[in-house]
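Participant: Protein chains in written order, with the numbering used here: chain A, 124 to 591; chain B, 3 to 478.
I should point out that these hints are in silico values taken from the structure, not numbers from a laboratory. All of these numbers come straight from a predicted model, not from anything done at the bench. Any given hint might turn out to be false.
Unchecked claim - A short list of chain B residues far from chain A (calculated; beta carbon distances all over 12 Å): (1) Leu299; (2) Ala300; (3) Ala416.
As the list claims (entries may be wrong) - Pair by pair, the computed Cβ-Cβ distance ranges are: (4) A:Asp143 with B:Pro280: 32 to 42 Å; (5) B:Pro280 with A:Glu190: 43 to 53 Å; (6) A:Glu339 with B:His83: 48 to 58 Å; (7) B:Arg271 with A:Gly167: 45 to 55 Å; (8) B:Arg320 with A:Ser128: 53 to 63 Å.
All C-beta atoms in this analysis are idealised placements derived from N, C-alpha and C, irrespective of residue type, glycine included.
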Amino acid sequence: MSDLSHLLDGEPIVATAGTDMLAESIEQQGAQVTRSDWRPPEAGTEAALAALAADGRNKEANTTAVERLLAVRPQLVDVSVARDVFPDMTPRTFFHAGPPLTWDRASGPMRGAIIGAMIYEGLADSPKDAEAKAARGEIELSPCHHHGAVGPMAGVTSPSMPVAVVADGAGDGVAYSTLNEGLGKVLRYGAFAQEAIDRLHWMDAVLGPVMSAVLESRGPIDLQSLIAQALQMGDDGHNRNRAVTSLFLRDLGGALVDGADAPVDQRAEVFRFIDGNDHFMLNLVMAAGKLGSDAASGVPASSLVTVMARNGTDFGIRLSGTGEEWFVAPAPPVDGLYLGSFTEEDASPDIGDSTITETVGLGGFAMAAAPAIVGFVGGTAAGAVRRTLAMYEITLAEHPMYQIPMLEFRGTPVGIDAARVVRTGVLPQINTGVAGKVPGTGMVGAGLVEAPMECFAQAMRALSATLD
Amino acid sequence: MIARVEIHPGRYHDSVRLMQASKALQNVEGITDALVAMATELNLSLLADMGFDMDAVADAGPNDLVLALRAEDEGAIATAHQVLDDALTHKTAPSGGLDAPDPKTAGSAAAVADANVVLLSVPGEHAFVEAMEALEAGRHVMIFSDNVPIEQEISLKTYGGDHDLLVMGPDCGTTIINGIGLGFANAVEPGSVSMVGASGTGIQQMCALLDDAGVGVRHALGTGSRDLSEDVGAASTLQALEALEEDPATDLIVVISKPPADPVAEKVRQAAAACSKPVVVTFMGETTLEEGAGEVLAVLGKPPAEYGTWPAANDDHRPGFVRGLFSGGTLSSEAQFVAAPILGEIGSHEGDEGHTFIDYGDDEYTQGRAHPMIDQTVRLERLAAATRDDSVGVILMDVVLGYGANADPAAELAPLIEEAVTAGAAVVVSLCGTRGDPQGRDAQAAALNTAGASVFLSNAAAAREAARLATARTSA
Chain A
124 MSDLSHLLDG EPIVATAGTD MLAESIEQQG AQVTRSDWRP PEAGTEAALA ALAADGRNKE
184 ANTTAVERLL AVRPQLVDVS VARDVFPDMT PRTFFHAGPP LTWDRASGPM RGAIIGAMIY
244 EGLADSPKDA EAKAARGEIE LSPCHHHGAV GPMAGVTSPS MPVAVVADGA GDGVAYSTLN
304 EGLGKVLRYG AFAQEAIDRL HWMDAVLGPV MSAVLESRGP IDLQSLIAQA LQMGDDGHNR
364 NRAVTSLFLR DLGGALVDGA DAPVDQRAEV FRFIDGNDHF MLNLVMAAGK LGSDAASGVP
424 ASSLVTVMAR NGTDFGIRLS GTGEEWFVAP APPVDGLYLG SFTEEDASPD IGDSTITETV
484 GLGGFAMAAA PAIVGFVGGT AAGAVRRTLA MYEITLAEHP MYQIPMLEFR GTPVGIDAAR
544 VVRTGVLPQI NTGVAGKVPG TGMVGAGLVE APMECFAQAM RALSATLD
Chain B
3 MIARVEIHPG RYHDSVRLMQ ASKALQNVEG ITDALVAMAT ELNLSLLADM GFDMDAVADA
63 GPNDLVLALR AEDEGAIATA HQVLDDALTH KTAPSGGLDA PDPKTAGSAA AVADANVVLL
123 SVPGEHAFVE AMEALEAGRH VMIFSDNVPI EQEISLKTYG GDHDLLVMGP DCGTTIINGI
183 GLGFANAVEP GSVSMVGASG TGIQQMCALL DDAGVGVRHA LGTGSRDLSE DVGAASTLQA
243 LEALEEDPAT DLIVVISKPP ADPVAEKVRQ AAAACSKPVV VTFMGETTLE EGAGEVLAVL
303 GKPPAEYGTW PAANDDHRPG FVRGLFSGGT LSSEAQFVAA PILGEIGSHE GDEGHTFIDY
363 GDDEYTQGRA HPMIDQTVRL ERLAAATRDD SVGVILMDVV LGYGANADPA AELAPLIEEA
423 VTAGAAVVVS LCGTRGDPQG RDAQAAALNT AGASVFLSNA AAAREAARLA TARTSA
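Chain A on its own, in the form it takes in the complex (with noise of 0.2 Å):
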């Protein structure tokens, strides 16, 4: 029976936009009407919406996007070092955060940052020296996300750090990220103090070789598996990694104890350093997520978002079929709840590659999954439930294995598209960390943050302008 035909034979289930009246008199007559809280879409983009509705291409393209993003299954392979994996990375090159930056618009913990990494790596003996020298360009400043790699907060990656090597184990992407340092005065969150130069000195030293010896030993390990689970267990996958890093720890443990050829000294160094660190496997999850987005990226006339990302300056995003274009607006301010005597006050701008995680279906998109940390969401679990529901309206599918209990394990929302952001005005929901404004301080607190719409309203302008 055609379509056509078949509408004919019943009476009609109407969805509506528009007027209440209309509804309103289809239920008068007792038939089923759905009605829905249509807004116009964002101001400039209207003419860009109808560029792609009338191209036609714009829902298989998307369609094939997402599959691509959800057909990757990232693996922990190794743990190699930068100036190894980086083809590109001079003695002298720095990557960072988000979309590309200069020094002179780089904000206090990205500078912090970078100041700490000179530090590390010898080119500078005083925060003072490094700030001069960066100020002469004497560095090179690239960010993550050019090169396959991803970094929490300020993301900054030197050559002599070690590097998780995340590649598909369905396909040959490969991603990476640095390893996680911790909370509090960490290189991530703009410090510089020796302290946060003796960690990175010991992550070369022990942790990076200790674990390329214990993944050599025990073989990869399969992230989205671990992910998956700990979605179950309370985690968000960004603003929580509690489940997720105890598994990983569970998951490594027998082969940290058999010892591959590492002195036990350093082994039960390395246990301790990521049992003390709830938030180790952030930088893992965020490299898988950036093997999903990669493998999306490229598919003409696709408005899949395959990057958010901020570099405490501006916040920028990608399209999949806009490729390596950024689209940015200022970094917005972040809602957060403040570390000891900290406020509001104290935070910079939001930063960070780790919106990695909101793009593949995780963090602010699983808040559902994560009641232990409602508190960032008006202190109910009904507000993380809202929060994550209201995701599905701007995304493309649902993912098939990270699944939230309380939701009768629907998948998580997944696969953000630019369009449907800009037609309903509802924003990418983020859940992230704040670093404090000057250079050096350190983690201040954690909190929400959305997406800001100008990015979402550029890259549609300028995927309209790719259609013949």
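Fit chain B to the known structure of chain A by using the hints.
Facilitator: For chain B alone, coordinates are given in the frame of chain A:
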């Protein structure tokens, strides 16, 4: 100033909850500094930075809760303990279900309900994107909105045609599917007559006439006011005609349109002729809806109908021109088509000399207002103005009933009709409604008639009567 550091061994709370609790403590009057946290290395270093005595926490570990307070007095510390206990044992009422937020687009609403028709009345410039989304999801679309660019209409109808999906509109006022009206529609009895119409009020008038003659209606598929233009080429009309031909419960099909472009009219006539079921084609401007309804009755083997008429008690009136005040565009143009041979030239804009028939449903008169079928304010004003205008002898109005229309139009009109009749003008009403309409057709007719109007179910009959009154008086 008192500084206090306490350890609560083994009392675990999530760090987020503890940050909230710290915030609550900081807001307690008399507390100048507060931290409640698990005694991790990070938190202990924060504690040290805040200047608290670290001796008390020397043995604390990450599974122990530490509370540090700096307060003006013991009272504040006691209050802080209370606040902390509240914060950490705080229980919120059950969330009351996991309600999803309202869908934000018709497409999402349709997905929730698995709807088969998406009805759009968003501003015309935004309708295309919503409509295309609905079509791409395999749903039929009715676009009530007007001001949709014609190339977008063509693009939608091309897609719909290729995918066996019906695009009703843009500017589609009325559709009835299996007796359920979408947009402005009258309550119809079940029947075997189906319609395809490029005109909403044309469909409504046909429903009203057939209903009065005891003929039921199955479907009435609106196609939008421009469907029979040369550019659109009757795309939806032909598609709907074909679907109705296949519909086993439809025995007779009526096609209704304002005068179409010539080559398009020919195409529609050919399709009608090729149809295996009888098709009555009513192109207004060539014929009237009353004549169309007559043809339907003839095909069905029924006698010609005497459509409902409620004559005014007194048709004596002052001399003058006919002033037509319409809410339905099709009713207005049909009335002109009928009356022009009798009255001669008829203006269609306010300020025109002589007889004028004006469509107050036109964009020109609806800026910032609902359609005059819903909001009669403008027509009520013009009715009063016509009463005061000595050059007007006959006032001709349509009153459209049905779902979506004003709940009781006669109640608003009656006092003004009385005034008009008292002032010597004749009032003729074309009442477009069915017996089942929620407003109550006969009660509306009675109220209008009691106020002094002549009421006709047939729009053509009302127009003839208005013209007759005006000329009878002129020649007298």
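Participant: Name the hints, by number, that the structure is in violation of.
Facilitator: none
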